[in-house]
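Just need the whole structure built from these sequences, with the hints factored in.
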Amino acid sequence: MEIGILSVIIFLPMIVSFTLLILPFGVYVTKVVSFSISLVVLFLALSIYSDFQPIGTMQFREFFPWIKSYGIHYSLGIDGFSLTILMLIAIIIPCAYLMLWDGDEPKSYWASMLLIQSGICGTLFSLDLILFYFFWEAMLLPVFMIIGLFGSGNRIYSTLKVTVYTMFGSLFMFVCILYLGVSYYYEFGVWSFELSDIVNITSIRDGYRVFLFVGFMLAFAIKIPLFPFHTWLLETYSNAPTGGVFIFSSIMAKLGVYGILRFVLPIFPDIFVLSAPYFVGIGVFGLIYFGIAAIMQYNIKKMFAYSSASHLGFIVAGVFSLNMYGMSGSVFLIVAHAMATGGLFLLVGVMERNMGIKAISALGGIAKKAPFFTVYFAIMMFCIVGLPSTNGFVSELLIILGIFKFNYIVGIVSTLTVLVAASFMLWMFQRAILQDSDNDVSKMVDLGKKEILALFPLSVLIFVMGIYPDWFLAKIEPTIQHYLFDILKVGM
Amino acid sequence: MNTLLMWIVLSPLLTSIFIGMVYMWGLKYHKLARQWYIVPALISPFVSFVLACFVFWEILTQNNILVYKPYVWLSIENVDIYMGFLGDKLSILMVLFVSFVGWMIHIYASAYMQDDEGEGKFFFYFNLFLASMLLLVLADGPLIMFIGWEGVGVCSYLLIGFYFRVSQNVVAGNKAFIVNRVGDFGFVIGMVTLFFYCTDVGFDYASIKQVVGNIPSFTLAFIGLMLFVGAMGKSAQIPLYVWLPDAMAGPTPVSALIHAATMVTAGVYMVARFNFLYELIPQVGVFIAYVGALSAFFAAIIATKQTDIKKILAYSTMSQLGYMFIAVGLGGYASGVFHVFTHAFFKALLFMGAGAVMTALHHEQDIFKMGGLRQKLPLVHGCMLVATLALCGIPPFAGFFSKDQILLEAFASGHYLLWSIATLTAGLSAYYMFRLFFVVFEGKNYNSSRHIHRLSKTMQVPIFVLAIGSLMAGFIGVPLVLGGDNHIASYLFEWTKKSLHVEHSIEFALMGLSVTVALVGVVLAYVKFYRYDFKKEYVSKGIVYNKFYVDEFYHLLIVLPLQSLSSFIASRLDIQIIDALIMGACRGVIKGGRFVSLLQNANTRFYSLLMMCGVSVFFIYLILVLG
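Chains as they are written, first to last, in my numbering: chain A, 1 to 492; chain B, 1 to 627.
No lab work stands behind these hints: they were computed from the structure. A few of these clues could be false.
[Stated by the list, open to error] Taking lysine-lysine and the PhoX-like style, the derived pairs with C-alpha atoms no more than 25 angstroms apart in a straight line are:
| # | chain 1 | residue 1 | chain 2 | residue 2 |
| --- | --- | --- | --- | --- |
| 1 | B | Lys89 | A | Lys369 |
| 2 | A | Lys475 | A | Lys489 |
| 3 | A | Lys369 | A | Lys475 |
| 4 | B | Lys69 | B | Lys89 |
| 5 | A | Lys449 | B | Lys305 |
| 6 | B | Lys547 | B | Lys311 |
| 7 | A | Lys443 | B | Lys28 |
| 8 | B | Lys528 | B | Lys541 |
| 9 | B | Lys31 | A | Lys443 |
| 10 | A | Lys368 | B | Lys541 |
| 11 | A | Lys489 | A | Lys368 |
| 12 | B | Lys528 | B | Lys311 |
| 13 | B | Lys528 | B | Lys547 |
| 14 | A | Lys450 | B | Lys547 |
| 15 | A | Lys443 | A | Lys489 |
| 16 | B | Lys305 | B | Lys369 |
| 17 | B | Lys311 | B | Lys369 |
| 18 | B | Lys305 | B | Lys541 |
| 19 | B | Lys311 | B | Lys209 |
| 20 | B | Lys209 | B | Lys89 |
| 21 | B | Lys369 | B | Lys547 |
| 22 | A | Lys449 | B | Lys28 |
| 23 | A | Lys475 | B | Lys541 |
| 24 | B | Lys28 | A | Lys368 |
| 25 | A | Lys450 | B | Lys31 |
| 26 | B | Lys209 | B | Lys369 |
| 27 | B | Lys369 | B | Lys541 |
| 28 | A | Lys369 | B | Lys31 |
| 29 | B | Lys528 | B | Lys376 |
| 30 | A | Lys368 | A | Lys475 |
[Claimed, not checked] Pairwise CB distance ranges (calculated):
| # | chain 1 | residue 1 | chain 2 | residue 2 | range |
| --- | --- | --- | --- | --- | --- |
| 31 | B | Phe619 | A | Lys68 | 41 to 47 angstroms |
| 32 | B | Arg572 | A | Gly189 | 32 to 38 angstroms |
| 33 | B | Gln576 | A | Tyr186 | 44 to 50 angstroms |
| 34 | B | Gln600 | A | Tyr208 | 31 to 37 angstroms |
| 35 | B | Gln576 | A | Ser47 | 34 to 40 angstroms |
| 36 | A | Ile5 | B | Gln576 | 21 to 27 angstroms |
| 37 | B | Phe568 | A | Asp104 | 35 to 41 angstroms |
| 38 | B | Arg572 | A | Ser47 | 20 to 26 angstroms |
| 39 | B | Phe619 | A | Leu274 | 44 to 50 angstroms |
| 40 | A | Pro24 | B | Gly614 | 30 to 36 angstroms |
Quick caveat: nothing in here was measured; it's all calculated off a predicted structure. By construction, the Cβ of each residue, glycine as well, lies at the ideal position given by its N, Cα and C atoms.
This is how it looks when you write it as structure tokens:
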């Protein structure tokens, strides 16, 4: 039995994390080891990227039986979608470690971060529904630990709320997974939860399939979150520690979108196409609704929570627009948004570490004290706003094109995205960062060398991906074509 | 030769990145000498200018169009969108004066910003601004143009809010950015709509030109209108002009750059660039011309009552841009571009002069607190006079020829209403410009004991050079009736309106009339403001002084409702309705659980009762179904 590179990426952080927890190392060693492991993962991911063939099918497959009697396999593989998110994770996690370096969190925090990385990668590579569900739930545990132990404010309530919310959705999904497995057994006489087998099921009646579709979508919609399942978001984002918010906003939310693309789309292609208008509508509605809600927020983290929700709505609208433009735009925006929002949350984390949590009106005059902080903040902000020459623009443009192709009127409404983010971001930037005020911000310190180094690759990528978007799109385009033409059979 | 097109843009772009890095390095470690950023900042626009001259010469002698496409920007479905640069007569003419006037402003700024601690940052933004504008002009295709278009927007945001510690400066920057984004909302809609007609051929101008004929005329009119909404924002036309007067918050060289060579001319250039599209939809063109005429007139009226020297100039820019839109709207693209060209010289000069005056008087901006500067600043006085005459359209200064062509365009195409508004506005322009000039330079009650800053040579040279420009720039377009060759029209012959036949006598009459109207304005200003008595306080109130309360109107109509909607959503709808519903459902489950748990009361007799009931129900079922 040969262990593939994907398994190494999944289990290396996990093993190291447990080892660190058991052995009596100090925080410093834990940090160094965690950071090195994240670099190893980055290196592995880069080697995958260079070996990846730009074709539509699954690559780097690993397939071993796990629970033979029920046909559950340890089945891994990646295609263009998972590769994009893998690269994203591999790049931003080391950056996040560097940004979090100077915090005073204990060893268990760092060990949890490694565990989260394992869980996320497992979710990303799984091609067996049960395995996917296993990682999907497993990755939540360390996140809840981080929020519950290291959060602020009413952290226990937040943890409980987000746990119940997501578990509720996931349980529906689990029931649906079991139903699919049983149906497969009845139809073909053998057990299997392998995705490529499940898609062949034809025996389920249409009415039940709609229920199953809803079950899956509920789990992912809560995770993303889509309107109206977003109410856990504000509590969690404002009470979670920086690392937790970072993981939630830049990675976990995107895994919800990934789940839709990986499982919902191939298993229910017909319902996916039929329900597209509703989800495009919800997405665009969310874009505007959350965008407006963000304007008057008095807390930066809450504002970014709404801002994230707004963009994620836009991503979902792109996914459901059923054409090349919208889908590739969504994948692009997943990356762009993760970098920019992740960067912004990490920066806000630095601000919190120095000065404690403060309302926007209690800030001001930061730009004078911390020029590097401000420069990075501005770059990330303009990426969110969708400034041309950043990857934020490319993705927004592609999604707008996609929605226009889907429906002209909705397209015009979705173009409001050029206004939405600008309207709250610039005002916040003015009040919190730029203008002088009477508030005491003397505790604010500018970014140190480590932090400058940490955000440098993200900023450069934001621009490189905005100036040469085609280099990046070329890798994922065949996958999207495969999904559209072979699975959904649209856009011929 | 084709690669030069790219280097025209790259020269200021790379320099700006270099300057930015040097500046940040200086903040983190020790501050470097100012030569580190001044020298590259001043060289890069010059390099662009020289390269542009080469390309210009090539185009002029070889009479061909240069296209350079370094790489595929985006390839999706079967459309390849190239990062493309297009050098034709129109774009290279724009590049020539943008880089030249930009260079002059850079030189001026190097003296103006000398003692400012943010000088490095300033030149980083400044070079980036120039690079964006050059990209906007040289781009081959609307999408690449849009990168420059927005780049200009963000640089203006950064420069207007340059002194970001004062909140109102940042507010002005925000306003500029967001109002421009409102325009972009339209522009993107237009661009995307156009894109779906071009999916078979590509998205550069030449390809778009092939397909515009096939687009239904209603859709085409919609596209043209939406693209123009973008131009309204960028070129500050009604109703999206509100950002321009506030944009004065930045340092004066910024205003010179925004108003003269870059940014605001982008809208006019865009319409001229899309001439092949607008030619097919003359109705939209007429609409554009009317928006232009109204903006010109409206701005001129507001300008007559303003007291801030930079605001007067800002409104004059808006007014002149209105003229340009009259020209391009009526299909006279060459005349419009000609006015852009001459305007760049005299408007840059006016702002530099204003900056010089303000420097001399320790950042005083109210013209009624200046006065008597003729003796103190003779060079500035002379150059400002040239620029003012050029703006008013007094022959033989630059503005005369270009403005006259626009008026002729309006008259010849039979739009007499447009023509009369434009002519009337010419009179108003002469009035408010000479009001400014007389008050600042001739007002008699000047307190001569006040200390006057001396102007450095570095500031005087560009002022002088641009004064020559304002004097000479018009001569490239001397009309035939005055014995000239109208070089600009024959150079831009593709963009010149073909059917423009007016009798020579009428043309003379029109010229005479417009000059007369302008002179009337000058005389009025002379009577009212020459040797203005500074003892009486200037009345600064009334509806015109308050800019017709448009800002307040927008605030009431858009900003406030949006803010209350936001508060409503965030604090009511989300928490009290949606979250309450979901949490309510959870509580319902808990209550249901409590109720069911009553049954689990560990009482054996109760359990056996339940069992009895269950068994009875089962038997009744069996009897009913089977029996």
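Each hint tested on the structure:
1. Lys89(B) - Lys369(A): violated (48 angstroms)
2. Lys475(A) - Lys489(A): holds (21 angstroms)
3. Lys369(A) - Lys475(A): violated (42 angstroms)
4. Lys69(B) - Lys89(B): Measuring from Cα to Cα gives roughly 18 angstroms; hence the hint holds.
5. Lys449(A) - Lys305(B): violated (53 angstroms)
6. Lys547(B) - Lys311(B): Holds - the C-alpha atoms of Lys311(B) and Lys547(B) are around 11 angstroms apart, at most 25 angstroms.
7. Lys443(A) - Lys28(B): holds (18 angstroms)
8. Lys528(B) - Lys541(B): holds (18 angstroms)
9. Lys31(B) - Lys443(A): This hinted pair holds, its Cα atoms lying about 24 angstroms apart.
10. Lys368(A) - Lys541(B): The hint is violated at about 37 angstroms.
11. Lys489(A) - Lys368(A): Status violated; Cα separation ~56 angstroms.
12. Lys528(B) - Lys311(B): Given that 25 angstroms is the threshold and the Cα spacing comes to 20 angstroms, the pair holds.
13. Lys528(B) - Lys547(B): Measuring from Cα to Cα gives roughly 22 angstroms; hence the hint holds.
14. Lys450(A) - Lys547(B): violated (51 angstroms)
15. Lys443(A) - Lys489(A): Distance of about 58 angstroms is beyond 25 angstroms: violated.
16. Lys305(B) - Lys369(B): holds (15 angstroms)
17. Lys311(B) - Lys369(B): Distance ~15 angstroms between Lys311(B) and Lys369(B) Cα, so the pair holds.
18. Lys305(B) - Lys541(B): With a Cα-Cα distance of about 9 angstroms, the restraint between Lys305(B) and Lys541(B) holds, given a limit of 25 angstroms.
19. Lys311(B) - Lys209(B): The hint is violated at about 40 angstroms.
20. Lys209(B) - Lys89(B): holds (17 angstroms)
21. Lys369(B) - Lys547(B): holds (21 angstroms)
22. Lys449(A) - Lys28(B): holds (9 angstroms)
23. Lys475(A) - Lys541(B): Cα-Cα ~63 angstroms, so violated.
24. Lys28(B) - Lys368(A): holds (13 angstroms)
25. Lys450(A) - Lys31(B): Distance ~21 angstroms between Lys450(A) and Lys31(B) Cα, so the pair holds.
26. Lys209(B) - Lys369(B): violated (54 angstroms)
27. Lys369(B) - Lys541(B): Given that 25 angstroms is the threshold and the Cα spacing comes to 17 angstroms, the pair holds.
28. Lys369(A) - Lys31(B): holds (16 angstroms)
29. Lys528(B) - Lys376(B): holds (23 angstroms)
30. Lys368(A) - Lys475(A): Given that 25 angstroms is the threshold and the Cα spacing comes to 42 angstroms, the pair is violated.
31. Phe619(B) - Lys68(A): 41 to 47 angstroms: holds (44 angstroms)
32. Arg572(B) - Gly189(A): 32 to 38 angstroms: violated (56 angstroms)
33. Gln576(B) - Tyr186(A): 44 to 50 angstroms: The hint (44 to 50 angstroms, Cβ to Cβ) holds, given that Gln576(B) and Tyr186(A) are roughly 47 angstroms apart.
34. Gln600(B) - Tyr208(A): 31 to 37 angstroms: With a Cβ separation near 33 angstroms, Gln600(B) and Tyr208(A) satisfy 31 to 37 angstroms, so the hint holds.
35. Gln576(B) - Ser47(A): 34 to 40 angstroms: violated (52 angstroms)
36. Ile5(A) - Gln576(B): 21 to 27 angstroms: violated (51 angstroms)
37. Phe568(B) - Asp104(A): 35 to 41 angstroms: Roughly 40 angstroms apart at Cβ, these two residues keep to the hinted range, so it holds.
38. Arg572(B) - Ser47(A): 20 to 26 angstroms: Violated: the Cβ-Cβ distance is about 52 angstroms, outside 20 to 26 angstroms.
39. Phe619(B) - Leu274(A): 44 to 50 angstroms: Cβ of Phe619(B) to Cβ of Leu274(A): about 47 angstroms, so the range 44 to 50 angstroms holds.
40. Pro24(A) - Gly614(B): 30 to 36 angstroms: Violated - the Cβ-Cβ distance for Pro24(A) and Gly614(B), about 59 angstroms, lies outside 30 to 36 angstroms.
Violated hints, in rising order: 1, 3, 5, 10, 11, 14, 15, 19, 23, 26, 30, 32, 35, 36, 38 and 40; the structure is consistent with all others.
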